[in-house]
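Sequence lines, in order, name chains X and F.
Using the numbering used here, the first residue of the first sequence is number 1, and each one after it goes up by one.
Using the numbering used here, the first residue of the second sequence is number 301, and each one after it goes up by one.
FYI, nobody ran anything at the bench for these hints, they're computed from the structure.
Possibly wrong hints are sitting among the right ones.
To be verified - Label pairs and their in silico Cβ distance ranges:
hint: 1; chain 1: X; residue 1: Gly56; chain 2: F; residue 2: Val345; range: 43 to 53 Å
hint: 2; chain 1: F; residue 1: Arg426; chain 2: X; residue 2: Gly112; range: 24 to 34 Å
hint: 3; chain 1: F; residue 1: Val351; chain 2: X; residue 2: Gly112; range: 22 to 32 Å
hint: 4; chain 1: F; residue 1: Leu396; chain 2: X; residue 2: Ala193; range: 34 to 44 Å
hint: 5; chain 1: X; residue 1: Ala45; chain 2: F; residue 2: Gln507; range: 35 to 45 Å
hint: 6; chain 1: X; residue 1: Ser261; chain 2: F; residue 2: Ser584; range: 19 to 29 Å
hint: 7; chain 1: X; residue 1: Val37; chain 2: F; residue 2: Arg459; range: 51 to 61 Å
hint: 8; chain 1: F; residue 1: Ser584; chain 2: X; residue 2: Arg295; range: 30 to 40 Å
hint: 9; chain 1: X; residue 1: Ala45; chain 2: F; residue 2: Arg330; range: 50 to 60 Å
hint: 10; chain 1: F; residue 1: Ile359; chain 2: X; residue 2: Ala193; range: 34 to 44 Å
hint: 11; chain 1: F; residue 1: Val400; chain 2: X; residue 2: Ala45; range: 43 to 53 Å
Built from N, CA and C at the ideal position, the CB exists for glycine as well.
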Amino acid sequence: MSVTTAAAAASPFARTRRGVTMLKERGFSLALLGSFVLAIAVLIALLIQVFVLGTGRLDANLLTQFPSTIRVETAGFRSAIFGTLWLMGVVVVTVVPVGVGAAVYLEEYADGSRWWNRVIEINIQNLAAVPSIVYGILGLAFLVRGPVGLGFVVLAGGLILSLLVLPVVIISSREAIRSVPNSLRLGSLALGATPWQTVRRLVLPSAIPGIATGTILALSRAIGEAAPLLLLGALTFITFVPDGLMAEFTALPIQIYSYLSRPQEEFRILAAAGIVVLLAILLSMNAVAIYIRNRYSERN
Amino acid sequence: MSASTSEVAGGLGGRGDISLRASSPRYGERLIKALLGACAAISVVTTVAIVLSIFPPTIAFFRDNVGLGEFLTGTTWSPLFANGEFGVLPLVTATLVITVIALAVAIPIGLLAAIYLSEYAPARARKWLKPLLEVLAGIPTVVYGFFALEFVGPDLLQRFWPGDFLGGEPGTFSALAAGLVMGFMIVPTIASLSEDALRSVPMALRQGSSGLGASKLQTTLKVVLPAAISGIVAAMVLGVSRAIGETMIVLIAAGGTARLTLNPTEGMQTMTSFIGQAGIGDLSTGSVGYQTIFAVGALLFLATLVMNLFSIRLVRRFREVYE
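Pulled out of the complex, with its shape left as it was, chain X reads as follows (with noise of 0.2 Å):
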C-alpha cells in the first residue's frame, strides 16, 4: 500500500494539487487498493477456514479408503480420487486434439470474412459462457440416455466435461498461435514450405507452451465441475475404482457435494478435507501452468 501512495505522490501532477483534491486522489487510490485486498482477503480467509476445519481429517485414510456412510471416521476419497484422474485422462486426449486443431484452423486457415467462419467465431464466445448445467442437459439427453444411452459411466461425464472446457482451450490455444511472430509464417512460406508444413514445425512448437497453459487451466476448471456430473446421474457411492471407459464412477467435486448435503458434523469435516485435497490437486496444476508462463516469458 505504501508503494501505490508513494507513486501517487511522485507523480508529476501531483505536486501542484491543493488539500482538498489531494485527500480526494488519495481517498480513491485507498479505496481501490482496499477493494482489490478485500476480494482477496475474503477467498483467502475462507480458504484458510476449510483447511482449519479439515485438518482434524487429513490423513492417510483419505486418499486410500473408500467413501463410507456408517464407518466416518475412516471414510476416504479413493474412488473419487480414481474418478476424477480417469475424467482428466479423458478431456485430455479429446479436447486437446480438437481444441488446438481448431485454433490453428481459425488462426492460420479461416478466412476470417467469410459468413460461417464468423458465425464459429461468435459461437465458440457463446458457447464459452453457457452455464456449465446446460451441458449436463445435452449429456443427460443425448449420452447418458437417448440415442447413445451409455448410462453414467467414465466416456459421458469425459466428454461432457471436455465440450465444457472446449472454447477455453480454443480461446486460449488462439492467442498462444497469435503471439507467434508473423515473420516466421512468411519466412517459412517463402522457402517453399506448405502452410501445413509451416503450423506444424514452426507455429505450433513456438506456440507451445502458451495451449499448454491454456489446457492446464481448462483442466482444472473441468475437474472442479461438479454440476453437470450431478446431472449426469452421478450422486451416487461407488465402493470401487473404475476401471475403464465404460465403468460407473464418482468425482472428486460429486464426492464433496455428497458428504456436505449430509446434516452431521463429521460429513462436514470430511468435505473439508475432500476440498482440501481437491484444492491441492487444482493448486499444484495452477502452479505448473504458471511456471510454464514464466519459464517461456522469460525466453522471449
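Chain X is already provided as a structure; the job is to place chain F on it using the hints.
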C-alpha cells in the same frame, strides 16, 4: 495470418505474369485443412446438439402439461408432486434476487479492483496479482458453496444479522449467504475482463489528459473509464450470465424449496438449483419431472444466450475502436 499470406499471394499473382498457385493439387494439405475445419465445426455441432437436446422435450412439456403463458406467469412451482403446478415465477424471482445480491458485491469490488490493477498498481505487483486473480477464479464452485453453507450462513449472517432493524432471521439456507459468496466468486471474472478493457485504452489518452492538467483521479474517471465503458459493461453482463447460470453454490446454500419471495433471508430455489435437484432425483425418461428439467433448462439457456450475445457485441465494439 491466413489473410496476410493470401494478400501476399494475391498481390503478386495479380500482375498476371507468374502464378503462385501450387503446381500440384496437394490433396494432403486440403485434407488437413478439412480436418482442422471439422475440429472448429465441433463447436457449432455442440450448440446445435444443445438446442436439439433441450427443445423437443420442452415442446412436449408444453404440449402435455401446461401452456406457455401459465408457465411464465404462474406463482406456484411444485412439478414433482402429484397434481403439480408449473408456475416458473418462484424460480425466476429467486434467480433474480440472488443475481442482484451477487452483482451488488461483484460489480463495485470487481470494477475498483480492475481500476487498481490497470491504473494504480505498480508494474511489479501487477505481475503476480493478475495470476493470483486467475487462480482464485479457478476455485471450484462446490468449494464456494461450502463457504456459504458452513461459514457465511452460520458464522456471519446468523451472528451479525441486524434482525431488530431489518427483521427476519437468516436460516441454515438463505439467498443472502448464497448471493454474497457468489458475488465474491464473480469478482475475479469482472475484475479480469474489466482490466483488459481498461488496459486496451491507448496510453496517449492518459498522457493527453495529464498534459492538460488533469489529476490522476480525473484522468481515470473522466477519460479512461468512459473510453473503456463498453468492455466494462461487457464484463458485467458476463458476470450476470455467470450468476444466473451458477448451480452448485445455490444448490448447497440456498435450499431446495421454491418460494415466491423477495426476502433474501429465506431459502429459495433458483432455475439452476431446481435442474440440479431434479437431476439428482434420477427421474424416469419422459416423465413430467424429466420434462421440467428441459423446460427450465430452455429458459436458462435463452436467458444466458441473450446476455452472452449482448456482451460479445459490446466487446467487439471496443476492440474495433482501439485495435
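Results of checking the hints against the structure:
{"no.": "1", "hint": "X:Gly56 to F:Val345: 43 to 53 Å", "in the structure": "holds (48 Å)"}
{"no.": "2", "hint": "F:Arg426 to X:Gly112: 24 to 34 Å", "in the structure": "holds (32 Å)"}
{"no.": "3", "hint": "F:Val351 to X:Gly112: 22 to 32 Å", "in the structure": "holds (25 Å)"}
{"no.": "4", "hint": "F:Leu396 to X:Ala193: 34 to 44 Å", "in the structure": "violated (56 Å)"}
{"no.": "5", "hint": "X:Ala45 to F:Gln507: 35 to 45 Å", "in the structure": "holds (40 Å)"}
{"no.": "6", "hint": "X:Ser261 to F:Ser584: 19 to 29 Å", "in the structure": "holds (22 Å)"}
{"no.": "7", "hint": "X:Val37 to F:Arg459: 51 to 61 Å", "in the structure": "violated (23 Å)"}
{"no.": "8", "hint": "F:Ser584 to X:Arg295: 30 to 40 Å", "in the structure": "violated (53 Å)"}
{"no.": "9", "hint": "X:Ala45 to F:Arg330: 50 to 60 Å", "in the structure": "holds (57 Å)"}
{"no.": "10", "hint": "F:Ile359 to X:Ala193: 34 to 44 Å", "in the structure": "violated (52 Å)"}
{"no.": "11", "hint": "F:Val400 to X:Ala45: 43 to 53 Å", "in the structure": "violated (24 Å)"}
Checked against the numbered hints listed earlier, the structure breaks hints 4, 7, 8, 10, 11; every other hint is satisfied.
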